[in-house]
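Protein sequence lines, in the order shown, are assigned to chains A and B. Taken in order, the first sequence gives residues 1 to 110; the numbers are from our numbering. Taken in order, the second sequence gives residues 1 to 113; the numbers are from our numbering.
The set of hints was computed from the structure by calculation and includes no laboratory data. Computed from a prediction, not measured in an experiment: that's the story for all the values here. Please note that the accuracy of each hint is not assured.
[Said to hold, decoys possible] Per the computed footprint, the stretches of chain B lying under chain A, defined by three or more beta-carbons under 8 angstroms from a beta-carbon of chain A, are: (1) 8 to 22; (2) 38 to 48; (3) 85 to 99.
[Said to hold, decoys possible] Restraint ranges, calculated between C-beta atoms of paired labels, are given here: (4) B:V88 - A:P82: 21 to 29 angstroms; (5) B:Q17 - A:K71: 40 to 48 angstroms; (6) A:N53 - B:R77: 36 to 44 angstroms.
C-beta: ideal position from N, C-alpha, C; glycine also.
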Amino acid sequence: GENVEQHPSTLSVQEGDSAVIKCTYSDSASNYFPWYKQELGKGPQLIIDIRSNVGEKKDQRIAVTLNKTAKHFSLHITETQPEDSAVYFCAASRASKIIFGSGTRLSIRP
Amino acid sequence: NAGVTQTPKFQVLKTGQSMTLQCAQDMNHEYMSWYRQDPGMGLRLIHYSVGAGITDQGEVPNGYNVSRSTTEDFPLRLLSAAPSQTSVYFCASSYGQATYEQYFGPGTRLTVT
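Isolated chain B (complex conformation) (with noise of 0.2 angstroms):
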């Protein structure tokens, strides 16, 4: 298994710039959740699913847009970027829901300018 997958690894983008950050995960897990890290803050949660179709709001959830169309994939897309949104990017999965252990991807390393 490849467990959980991100791309792209660093990306920098312009201010007013949209991308789109890849997750997939190959566990078959219900439970996937995005998070950011910035220095002496931890992990933040973005957003999350339950499972396909059903997604909702963490903790710092404006900038930001997630779909779930599969069970696999989990993309995160910024709308319009801003110097705030500069931070290292986590996807993460679990069997299920967030009382069981989070399996993270390596990361996105976002720079906006």
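Only chain A is shown next, with the shape it has when bound in the complex (with noise of 0.2 angstroms):
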């Protein structure tokens, strides 16, 4: 079936340098591709998103970038602080359907 592979699991950084998580989608008709940060206890949170019509998109420190070739998809985090400490998740989607990576943990160190 259709995957969406997620790489790390898990992400230290010392506060202040970058960070970036990868994933890869297997199925060519997505178009929609979500990034969500959740912290301990809550329910997912948008943080930023790209269409496949689009090649790279950016919010202020966080950034995205999609390579529909080779179908995967990345986010960068620059200048990163202790609030960005949190679980991050993939996402890839077409019409109703939506499958979600397996996520990152990503520790800030002080």
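Join these two chains into a complex; the hints should help.
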């Protein structure tokens, strides 16, 4: 079946450094790629998304890139801060179906 | 707006018992969905609905039933709970299908003994 692979599963970076999380998807018909942040005890919350007709999107310290040919997309967080510590999920969707990656636990070291 | 609400927050069931997880949204969203979250497996889609009276299966539908009689409510039923259904369950809604931002509820932690 269709799947989304996400790497790494855990990531620890020094405060102020950058963090990169990568995902690959298998369904070539996917056309929407969101990233969600989940804090402890809460539901996931959208932080950025990108559609298949766009290669890159940026929102302050967060950016996402999409390579449709290779079927992979990445989340980049620059100048990391303690409040960036959380679990991050990528997803790929089309129409009524969405598949999530397995998540990345990001820790920011002081 | 309350957004997406889920009840209960925690539940313990014995094997074979049945229960309904409640989900409601006040954003007039047509698309609603249920996910389960297990360690190391991310979020997996159980069932979804594109509008009142319309439901369909996701990745892991076995053991779960849903119905959508109103735009606001989308309950998830476990007919005969099994230990494999121990998980955290999230309900979500969105403006239009799965290709728009999903608004998640706070989750229900279910334990089946």
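Outcome of the hint check:
Under a criterion of three residues with beta carbons nearer than 8 angstroms to beta carbons of chain A, the stated coverage of the stretch 8 to 22 of chain B fails, only 0 such residues being counted. Only residues whose beta carbon comes within less than 8 angstroms of a beta carbon in chain A count, and the stretch 38 to 48 of chain B has 7; three or more means the coverage holds. Residue count for the stretch 85 to 99 of chain B with a Cβ under 8 angstroms from a Cβ of chain A: 5. That meets the three needed, and the coverage hint holds. Range check, V88 (chain B) to P82 (chain A): Cβ separation about 25 angstroms, and the 21 to 29 angstroms hint holds.
For Q17 (chain B) and K71 (chain A), the Cβ-Cβ distance of about 43 angstroms falls inside the hinted range of 40 to 48 angstroms, so the restraint holds. Checked against the hint of 36 to 44 angstroms, the pair N53 (chain A) and R77 (chain B) passes, with Cβ atoms roughly 39 angstroms apart.
Of the numbered hints stated above, the single one contradicted by the structure is hint 1.
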